[in-house]
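Okay, here's what each chain looks like letter by letter:
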Amino acid sequence: MLAATTASGLLAIATPVSAGDMSQKKVEEHLTCQCGCGLTVRNCNHLQCSSALPIRDDIKRSLAAGESGEEILARYADTYGEKILSAPGFTGFNLLAWTMPAFAVLLGGLLIARVLKKPGRHSQSGADPPDGDDASADGGHAPTRGSDEDRRRVTRELEKLSR
Amino acid sequence: MITLGTLALWLALVASVYAVAASVYGVLRGRADFVASGERGAWTAMASVVVATGVMVHALVTSDFSIRYVAGYSSTTLPLRYRISALWGGMEGSLLFWAFVLVLLSSLVLWQNRNRNRALMPWVTATLMTITTFFVLMLVFLTPPFATLPFAPTEGTDLNPLLQNYWMSIHPPALYLGYVSWAVPFAFAMAALASGRLDDLWIRTTRRWVLAAWFFLSMGNLLGARWAYEVLGWGGYWAWDPVENAAFMPWLTGTAYLHSVMIQERKDMLKVWNMVLIIMTFLLTIFGTFLTRSGVISSVHSFTESGLGPWFMGFLILCMAVSVSLLLYRLDRLRPRHELDSLISRESSFLFNNLVLVGIAFATLWGTIFPVLSEWVRGVKITVGPPFFNAVNAPLAITLLFLMGVGPVIAWRRASLANLKRNFLGPGLAGLGAGLVALLAGLHSLSAVLVVSMAVFVLFTMTAEFYHGTAARSRISGGAWPSALLDLVTRNQRRYGGYIVHLGVVLMFLGVTMSSVYRVEEIHTVDRGQEFQIGDYTLKYSNMETSSDDHMDRLIATLQVSRGGEVIDELKPEKRFYRKPEQPATEVAFRSTLKEDLYVILGNLGDNETATFQAYVNPLVAWLWIGGIVLALGTLVCVLPLSTRREQEVPVRTARGRSA
Chain A
1 MLAATTASGL LAIATPVSAG DMSQKKVEEH LTCQCGCGLT VRNCNHLQCS SALPIRDDIK
61 RSLAAGESGE EILARYADTY GEKILSAPGF TGFNLLAWTM PAFAVLLGGL LIARVLKKPG
121 RHSQSGADPP DGDDASADGG HAPTRGSDED RRRVTRELEK LSR
Chain B
1 MITLGTLALW LALVASVYAV AASVYGVLRG RADFVASGER GAWTAMASVV VATGVMVHAL
61 VTSDFSIRYV AGYSSTTLPL RYRISALWGG MEGSLLFWAF VLVLLSSLVL WQNRNRNRAL
121 MPWVTATLMT ITTFFVLMLV FLTPPFATLP FAPTEGTDLN PLLQNYWMSI HPPALYLGYV
181 SWAVPFAFAM AALASGRLDD LWIRTTRRWV LAAWFFLSMG NLLGARWAYE VLGWGGYWAW
241 DPVENAAFMP WLTGTAYLHS VMIQERKDML KVWNMVLIIM TFLLTIFGTF LTRSGVISSV
301 HSFTESGLGP WFMGFLILCM AVSVSLLLYR LDRLRPRHEL DSLISRESSF LFNNLVLVGI
361 AFATLWGTIF PVLSEWVRGV KITVGPPFFN AVNAPLAITL LFLMGVGPVI AWRRASLANL
421 KRNFLGPGLA GLGAGLVALL AGLHSLSAVL VVSMAVFVLF TMTAEFYHGT AARSRISGGA
481 WPSALLDLVT RNQRRYGGYI VHLGVVLMFL GVTMSSVYRV EEIHTVDRGQ EFQIGDYTLK
541 YSNMETSSDD HMDRLIATLQ VSRGGEVIDE LKPEKRFYRK PEQPATEVAF RSTLKEDLYV
601 ILGNLGDNET ATFQAYVNPL VAWLWIGGIV LALGTLVCVL PLSTRREQEV PVRTARGRSA
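The listed protein sequences correspond, in order, to chains A and B. Quick note on numbering: the first sequence equals residues 1 to 163 in this note's numbering. Quick note on numbering: the second sequence equals residues 1 to 660 in this note's numbering.
There may be inaccurate statements among the hints.
[As the list claims (entries may be wrong)] 20 Å max Cα-Cα, derived EDC-like pairs, lysine to aspartate or glutamate:
#1 B:540 - B:587
#2 B:540 - B:609
#3 A:60 - B:521
#4 B:572 - B:521
#5 A:83 - B:375
#6 A:26 - B:375
#7 A:25 - B:522
#8 B:595 - B:566
#9 B:540 - B:597
#10 A:25 - B:521
#11 B:540 - B:566
#12 B:540 - B:569
#13 A:26 - B:609
#14 B:572 - B:549
#15 A:60 - B:522
#16 B:381 - A:82
#17 B:381 - A:78
#18 B:572 - B:609
#19 A:25 - A:71
#20 B:580 - B:550
#21 B:572 - B:597
None of these hints come from the bench; they were simulated from the model. Being a predicted model, the structure only gives us computed values, none of them experimental.
Take the sequences, apply the hints, and build the full model.
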């Protein structure tokens, strides 16, 4: 579902929410259907839904009458409470919802950076193990070119080891 | 039979408790007889749970409505396959099924290790039987599946119509196998910590188990998405529902472990981190079970609210306390022998991959529990839905796609400029070129352009790996390219199987992105004989027929599908009215091609056979499912014994720098 994560996330990036340019679809996506389906007004799967259908109609009328998407969302939050919004706002305690993941990842990144900056860090091992048996796994070392006889000899030795 | 089922559960409880006690006593006192006795106790517990499950399946198949569970989740008219799948359709049955899967896997572990890993096995047995004890305890005291009704009704209430779908016959078993399989590496990790055998023995022993757990969890998630696509009827497959998130989180941490364990195997590093990831993944599987059964968070997937929440929370805390204590106890002996050399290296790219995967898991967990936190702190109920998860996880997921192209080919230790140039110049240029072509071709969405560009970058790095490897093998063996390719893959299954998995993930990325960004939706109310347009398609509502049987009434609309004036297909979306419980349900109809899905739902019905149809065109969505199949094939390549040769293992280096 990583693909779902990315794609839907990219969707969010591609169509950022702002007060002035919210389309019918965006406003519907930012409201949770109250029928108990757990989906947004946009995605409610009940075609005769007593919640999603009137809300969709109301959004259509309100946008046509010049009300902005943000104003519509605020009106619904006033009427139903915050729970009708499908994502927390950017104020007060709700700000924590947005900032904590970024903070956690940043902290992890700093930890990795700290590990990398440790004084005297170097591998105590000798050469690195190869990746496998193919030539593309050179581990950063330039491939050496040997004769066909060399290759056959190496293969024979590897076969012996594998037995 | 009911008495047999109840007695079997009681016996399972006693035997599993005894298995834990005898195993721990035996290993601490060096008493082999107690260890052996503990294992026999485990076998007894496992057999008992199997018997109890058998009794329940028999009761469901024979419609023994004197059992409350059978009366509540099946009926005489329910098809046989759904009567069997009713085993996981309700709270009690699903817990019994969980315990059943756990004992099946435990018995496999005990049998596989009857003559090996003897230093670890008493602790493994104790851990697995502790988990079994918990689930059997729930079944005996809190949600007894064999509870009876005062009188047996002549007919049952039936299974929820949404669960009467073939995907629900396989999605939960796959998901449960995925969840429960993580108990095995967790048990071995705990055994390594408890016994002090902290070398890579537990990792080698559980390598295939981990891959199997990851495979089933991947399939469980994917099949669930397919079920949502076909049954829920909103044209999508993933809604960031808390229960979907619960299955996604252990998949993320498990994926992180699959990558980071390679560093431990090759460089003897990240031992603590790998322990943390295994512990985290197991705890998240228990957390997922807690979420669906506690009633703490409302979800379309939840079972009815029950009193199990505090018990699951208690068990979660117990597991966390014991595993973290053991980890801290052994911390000194888990210190890495080697350290990272450079930021530009495969080790670092794997670490960043871990950071991103765990970051997405944390963000998902945080968003899932935030409504509960808000209610506790502010007393205000809020919703955290798709807009939050999309916005927070997007940058991380994009980074991950990029790392998927980098990680497999960048050099170990320290990448030289020559290495970077050799491995990334071509794929990088190809990715940029693909992005430009996508823009010129009219893809207006930044997301689509980015994903196309990244996907091509990853595909080129993967292709180059296969090409160079096959060329080298062909030179060495002098064989033809197809046989050289086969030889290459079978000689290093994990590596090339992994690449195939990456290929599957890239296809899934493309499918999801295009079907989300370029989805077209139309709602039309039409009379019989009228047409409506969606995308390139013209849909003509040509007929409405009815059908009835003992189980349900059906209204079936027929839509003639044309494109460019030519009739190309016929779709038959349905509306079903189940008799028990009296509940309507939609049955979507769709026409799937590699290019796009035409997806139609039958909605309201008016007078004179007027009907409302909701139709979608979902571009490239088939590639999500194809990507899933490729991912499954790649995992099988990693796991299955395809080669008769012993797979070449890279030795783990010891503290003295010698090969072990």
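| task | Find the hints from earlier in the document that the structure breaks and name them by number, from lowest to highest. | result | Of the numbered hints, 6 and 13 do not hold.
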